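Take a look at the letters that make up each chain.
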Amino acid sequence: MSGGPSKRLSDETVLARRYRALLRAYPKAWRAERGDELLGTLLDAAEPGRQRPSLRESASILTQGTRERFGPRRRAPGEVWSEALRIGALVLLGQTVASTLLFMLEFLDVPGSPAAELTRYGAGVAFGIAAMVALVLGQTVVTTALTGLWIAAPVMHGEMPWQLVTAFLILAGLSLADRTPSRRRTSAVWLVVAPLVLLLGFGFNQMTGGYFSSASTLLYPFALLLAFTAGVTVDPRLPIAVACLTVAMMLNVTLHVPSLFGGATIEGLSPMELRPQTAVFGAIAVVLLTIGHLRARRLARI
Amino acid sequence: MTIQLRSPSYFVLAALLDGALHGYVIIKRVEALSDGAVRLAAGSLYAVLDRLADAGLVEVVNEEIVNGRARRYYALTADGGTALQDEAARLAAAAKVVTNATARRRAINTAVSPA
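Protein sequences appear in the order of chains A and B. With the first letter of the first sequence counted as 1, position 75 gets the number 75 in UniProt numbering; the numbers rise by one all the way through. With the first letter of the second sequence counted as 1, position 103 gets the number 103 in UniProt numbering; the numbers rise by one all the way through.
Read the hints as simulated data drawn from the structure, not as lab findings. Treat the numbers as computed from the prediction; the structure is a model and nothing was measured. Worth double-checking, as some hints may not be accurate.
[Unchecked claim] Just some of the chain A residues that point at chain B, by a computed CB distance under 8 Å:
1) Arg18
2) Ala21
3) Asp44
4) Ala45
5) Glu47
6) Gln51
7) Ser99
8) Leu102
9) Glu117
10) Arg275
The C-beta atom is built at its ideal place from N, Cα and C for all residues, glycine as well.
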């Protein structure tokens, strides 16, 4: 027999070390407060001789640790919706600022770029950054006004900027609905989602060429849906925020209206073109909103 | 906010009815009380305990080290006891409309009769 107290201690040490590694899924502060207690319970629950964490316990530690790290605390569904819509608006603004900046940089490379055009783009970026700062600071009404001015001011040309219109409608709704005196701040960290959305949009255009030519191209939007649904297990605000972006993408591919001042559309395009993308993006938005709502309701329960 | 208890939270509160317990014993007690229907992994137990503590339904009443393992003992608060009794009454009423024909007819008649 190789068993005995020393063997049991050795098994336990190995198991404890492995559980400690898994516990790194939790934030440092949580581990400092509760880590030893959770480890004690894990070791209490482990059968003698076990050296490897069980699959069930490992999955639970990783899921709960990730939720503790990134997920919101318990709150009413209305609060989750309000925060999620703010995040959606913030990312839409971030996305538009990023694309305007890229456009401006490309324009700088063109020899003899008119200063007036550069000023227009610069003004657009300034409006956008001011609106984002106001939203991060919880100034919803100011953000709504700045976004409205950005749409109305002669700093956009081409088609109507539907990302901004969507953000404006969301913010206007929030300004009217939110009567609480306290300001609701929105973390600027959510802006890291913006480059991802731009990348997904770029990939979508590359794959579809603007139109669906075969059933295989439908895979892309469904991959998008799947990727963001994964976020549902951690944070219900994510699918609602992504649904805002999806609505903006749906409007972009469907409605072709010139922007308010100096705008223009591609010749030959009718103002409304109902394409397969319209239905796909619409369906994705509905599914994401439903998932977000159900998860938000669940979050309210103890 | 109205307190709505999920199944694991309900059984964790029920496990604490007879006194303060630490994590592992809560897991075993919940499994026994739910007839094996609720089997909590340790990570899930602490998520439930965090939610219950945040809502003021349980509290830590003692801490100790046993065989080198840290243990905290959790107990029901007065609010926790009330929330548990309310949920039990709600579940009993819901069960009654299935098991008791008279209660079912009374509920239907109350719902359809004019105020």
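Cross-check of the supplied hints:
At about 14 Å, the closest approach between the beta carbon of A:Arg18 and any beta carbon in chain B exceeds 8 Å, and the interface hint on this residue is violated. At about 14 Å, the closest approach between the beta carbon of A:Ala21 and any beta carbon in chain B exceeds 8 Å, and the interface hint on this residue is violated. Hint status for A:Asp44 relative to chain B: holds, with the closest Cβ pair at about 4 Å, below 8 Å. Annotation: A:Ala45 was flagged as interfacial toward chain B, and the flag holds, the nearest CB pair being 6 Å apart, inside 8 Å.
Using the Cβ-Cβ criterion of 8 Å, the hint placing A:Glu47 at the interface with chain B is not satisfied: the shortest such distance is roughly 13 Å. For the restraint placing A:Gln51 at the interface with chain B, the shortest Cβ-Cβ distance is roughly 17 Å, beyond the 8 Å limit, so the hint is violated. The restraint placing A:Ser99 at the interface with chain B is violated, with a minimum CB-CB distance near 40 Å, outside the 8 Å limit. Against a cut-off of 8 Å between C-beta atoms, the interface hint on A:Leu102 is violated, since the closest Cβ of chain B lies about 42 Å away.
Here the hint on A:Glu117 is broken, as its CB sits about 53 Å from the closest CB of chain B, past 8 Å. Using the Cβ-Cβ criterion of 8 Å, the hint placing A:Arg275 at the interface with chain B is not satisfied: the shortest such distance is roughly 43 Å.
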